[in-house]
Amino acid sequence: AIREGRAIFANIRKFLRYLLSSNIGEVLTMFLGVVGAGILGLTDTGEAVAVPLLATQILWINLLTDTAPALAMGVDPPPDDVMTRPPRGLHDRIIDREMQIGIGFVGLVMALVTLVALDLRLPGGLIHGGGDIVEARTMAFTTLVLAQLYNAFNARSGRVSAFHHLFTNPLLWAAIGASLVLQVAVVHLGVLNRAFDTTPLSASDWLICAALAGTVLWAEELRKLAGRRRALARR
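Throughout, this note's numbering is defined as the position within the sequence shown, counted from one, plus 347.
Since the hints were derived computationally from the structure, they do not count as laboratory data.
Model, not experiment: these values are computed from the prediction.
Any given hint might turn out to be false.
To be verified - Under the rule of at most 25 Å between Cα atoms (straight-line distance), these lysine to any residue pairs were calculated in the SDA-like manner: (1) Lys571 with Leu366; (2) Lys571 with Arg435; (3) Lys571 with Asn516; (4) Lys571 with Val422; (5) Lys571 with Ala557; (6) Lys571 with Ser508; (7) Lys571 with Gly505; (8) Lys571 with Pro433; (9) Lys571 with Phe452; (10) Lys571 with Asp428; (11) Lys571 with Thr515; (12) Lys571 with Val429; (13) Lys571 with Ala558; (14) Lys571 with His511; (15) Lys571 with Leu513; (16) Lys571 with Leu418; (17) Lys571 with Gly421; (18) Lys571 with Ile355; (19) Lys571 with Leu375; (20) Lys571 with Arg506; (21) Lys571 with Ala354; (22) Lys571 with Thr431; (23) Lys571 with Phe356; (24) Lys571 with Val374; (25) Lys571 with Arg353; (26) Lys571 with Met446; (27) Lys571 with Leu455; (28) Lys571 with Val507; (29) Lys571 with Trp520; (30) Lys571 with Gln447; (31) Lys571 with Phe362.
To be verified - Computed spacing ranges between beta-carbons, pair by pair: (32) Ala557 with Gly451: 21 to 27 Å; (33) Arg432 with Phe514: 22 to 28 Å; (34) Leu437 with Gly537: 53 to 59 Å.
For each residue, glycine too, the CB sits at the ideal point set by N, CA and C.
Build out the structure end to end from the sequences listed, making use of the hints.
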């Protein structure tokens, strides 16, 4: 009973870590994109309101591509050390300071790589591109979705590497696969292009998006490694 209770608590933390970091990434993308619209080249698109992503695209992420991985974390196997951890205090928070730092860090990295993808295709900005606003938003939209799918592996633990017990939850892999199929559909199906103001991407564009999004995974791996080394140094 104790093991099951601790496993449920751990999965609640995974669920919150994933959704909060992903949502902060979306919020920071919109905030930094609007504040830095002139730097990114969004003010040169001819639109009345220069925003990095459209409301329909954010809604797509929240309702479809985010939901399945978040639910799959509810059946993640318990951590290896679940029974060796000391009991939680009555007043311990579910979201402690360490978890807050990790959530904020991942959200910021997610926003930055999304804005880099946007800037890559805009004619102006820090990185001069040759695309238009629709192509730029599609790149940013896809990068953000892929970053959140990478983040599903990050969120399984605040300290342990994402590559530890990578294949112990087949439902999570199925959820990520379903989310990826949905994103391919919204980018390449004409009816969804019109509904979400997207445009088909080339294979090289997809590789760029995947590489930028992967930064979220590697940056969090480095943060976790630093945290484990600090913990060892204190012993």
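Each hint, compared with the structure:
1. Lys571 with Leu366: The given pair, whose Cα atoms are some 19 Å apart, holds under the 25 Å limit.
2. Lys571 with Arg435: holds, 22 Å
3. Lys571 with Asn516: Holds, at roughly 21 Å.
4. Lys571 with Val422: holds, 23 Å
5. Lys571 with Ala557: Judged against 25 Å, a Cα distance of about 22 Å means the pair holds.
6. Lys571 with Ser508: holds, 7 Å
7. Lys571 with Gly505: holds, 7 Å
8. Lys571 with Pro433: At roughly 21 Å apart (the allowed maximum being 25 Å), Pro433 and Lys571 satisfy the hint.
9. Lys571 with Phe452: Holds, at about 11 Å.
10. Lys571 with Asp428: Given that 25 Å is the threshold and the Cα spacing comes to 17 Å, the pair holds.
11. Lys571 with Thr515: Measuring from Cα to Cα gives roughly 20 Å; hence the hint holds.
12. Lys571 with Val429: holds, 19 Å
13. Lys571 with Ala558: holds, 20 Å
14. Lys571 with His511: holds, 12 Å
15. Lys571 with Leu513: Status holds; Cα separation ~16 Å.
16. Lys571 with Leu418: Holds. Lys571 to Leu418 sits at ~24 Å (cutoff 25 Å).
17. Lys571 with Gly421: Answer holds: Lys571 to Gly421 is near 22 Å, not above 25 Å.
18. Lys571 with Ile355: holds, 22 Å
19. Lys571 with Leu375: With Cα atoms ~22 Å apart, Lys571 and Leu375 stay inside 25 Å; holds.
20. Lys571 with Arg506: Between Lys571 and Arg506 the Cα gap is close to 5 Å, so the pair holds against 25 Å.
21. Lys571 with Ala354: At roughly 21 Å apart (the allowed maximum being 25 Å), Ala354 and Lys571 satisfy the hint.
22. Lys571 with Thr431: holds, 20 Å
23. Lys571 with Phe356: Distance ~21 Å between Lys571 and Phe356 Cα, so the pair holds.
24. Lys571 with Val374: holds, 24 Å
25. Lys571 with Arg353: Distance ~22 Å between Lys571 and Arg353 Cα, so the pair holds.
26. Lys571 with Met446: Holds - the C-alpha atoms of Met446 and Lys571 are around 11 Å apart, at most 25 Å.
27. Lys571 with Leu455: Roughly 16 Å between the alpha carbons, so the hint for Lys571 and Leu455 holds.
28. Lys571 with Val507: Measuring from Cα to Cα gives roughly 7 Å; hence the hint holds.
29. Lys571 with Trp520: Holds, at about 22 Å.
30. Lys571 with Gln447: With Cα atoms ~14 Å apart, Lys571 and Gln447 stay inside 25 Å; holds.
31. Lys571 with Phe362: The given pair, whose Cα atoms are some 18 Å apart, holds under the 25 Å limit.
32. Ala557 with Gly451: 21 to 27 Å: Holds - the Cβ-Cβ distance for Ala557 and Gly451, about 24 Å, lies within 21 to 27 Å.
33. Arg432 with Phe514: 22 to 28 Å: Check passed, 24 Å falls within 22 to 28 Å.
34. Leu437 with Gly537: 53 to 59 Å: Check passed, 57 Å falls within 53 to 59 Å.
Hint check: no violations occur; every hint is consistent with the structure.
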